[in-house]
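S.K.: All chains, full assembly: derive it from the sequences and hints.
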Amino acid sequence: MNYFSIAGTKNEKIVLFHGTGGNEYSLLQIAGDLDPEAAITSFIGDVGEGATRRFFEPLVNGRLDRTDFHNRVDQMMGQWKQLALQDATIISYSNGANFVLGMLEKEPNLAKRIILMHPTNLNYEFETGSDVEIIITAGALDTMSIAGDTMKLKKQLEEKFPHTSLKLFDQGHEVTDAEIDYLQSIF
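By this note's numbering, the letter at position 90 of the sequence shown is numbered 90, and the numbering carries on one by one without gaps.
These are calculated hints, taken from the structure and not from any lab test. Heads up, the beta-carbon is just placed ideally off N, CA and C, and yes, glycines get one too. Keep in mind that a hint or two might mislead.
Computed Cβ-Cβ distance ranges for the label pairs, DEER-style [to be verified]:
(1) K10 <-> D68: 31 to 41 Å
(2) G50 <-> P108: 33 to 43 Å
(3) L83 <-> P108: 13 to 23 Å
(4) N71 <-> K160: 20 to 30 Å
(5) P108 <-> M151: 14 to 24 Å
(6) D181 <-> N71: 35 to 45 Å
(7) E127 <-> T9: 36 to 46 Å
With a cut-off of at most 20 Å between alpha-carbon atoms, the simulated EDC-like pairs for lysine to aspartate or glutamate come out as follows [stated by the list, open to error]:
(8) K112 <-> E158
(9) K106 <-> D87
(10) K154 <-> E125
(11) K155 <-> D131
(12) K112 <-> D87
M.R.: Spelled out as C-alpha cells, the structure:
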C-alpha cells in the first residue's frame, strides 16, 4: 500500500488511515493539531479513486466481503512489520478506522494508542487483547456509523482491550472542532 512519511523532531510517531474518498493528506491537520512535532506516516487506500477511494471493497447490502477484507489486512500487516510502527499512535477515520480494526483482529499489540473516529461495527472477532489504549469517537446523529452499534463495538473491545473509551458528540459522520478539542485534551 502506498504511503508517505514526514520526519518529526521527536520520537513520537503518528500513523494515519483516511476515510472513504479521502487521501494521504486528509488527516494531516488533525495529526498536526495533536502533536506538531511527531513523525507521520500516512497511508492511502488502494481501492477505488477520488470520492470512492478506500482501504477495502465497499459493503454490499451492509455486509463486508470478508475474503477481500482479510486479504488486504494481511498485506498491510506485512508492510506494518517492515515499517516497525508498533510504538506509534494510529489516527483513523471511518473506512480507515474499520481497516485498523481488521488489523487489530490480527495483531492486538498493533500500536501504543489507537484513535478510531466514526468506526462501523462490522462484527469483528478479537480472539486476544492487549493493554493498547483505544479511543473511539462517534456522532450521535451519524447515519453511516450508527451510535448504538458503535457503543456495542466499544463493549466488545473492552472485553479484550480494557483501556477502551468512547466519546459521543452531537454530530453526524464528520469530524468537528469539538472532537479535535477532546482528542487534544487526552493526547
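S.K.: With reference to the structure, classify each hint as holding or not holding.
M.R.: Comparing the hints with the structure gives:
1. Distance hint check: the CB atoms of K10 and D68 are about 38 Å apart, consistent with the given range 31 to 41 Å.
2. The hinted window of 33 to 43 Å between G50 and P108 holds, with their beta carbons roughly 34 Å apart.
3. At roughly 18 Å, the beta carbons of L83 and P108 sit within the given window of 13 to 23 Å.
4. The given range of 20 to 30 Å is respected by N71 and K160, whose C-beta atoms sit roughly 23 Å from each other.
5. Separated by about 21 Å at the C-beta atoms, P108 and M151 satisfy the suggested range of 14 to 24 Å.
6. D181 and N71 have their C-beta atoms about 38 Å apart, which keeps the hinted 35 to 45 Å range intact.
7. Judged by the Cβ atoms, the range 36 to 46 Å given for E127 and T9 holds: they are separated by roughly 38 Å.
8. Note on K112 and E158: the hinted pairing holds, with a Cα-Cα distance of about 16 Å set against a maximum of 20 Å.
9. Of the supplied pair hints, the one linking K106 and D87 holds, its CA atoms being roughly 16 Å apart against a limit of 20 Å.
10. Taking the CA atoms of K154 and E125, the gap is about 13 Å. The hint holds against a cut of 20 Å.
11. For the suggested pair K155 and D131, the alpha carbons sit about 15 Å apart, so the restraint of at most 20 Å is met.
12. The suggested pairing of K112 with D87 holds, with an alpha-carbon distance near 5 Å, which does not exceed 20 Å.
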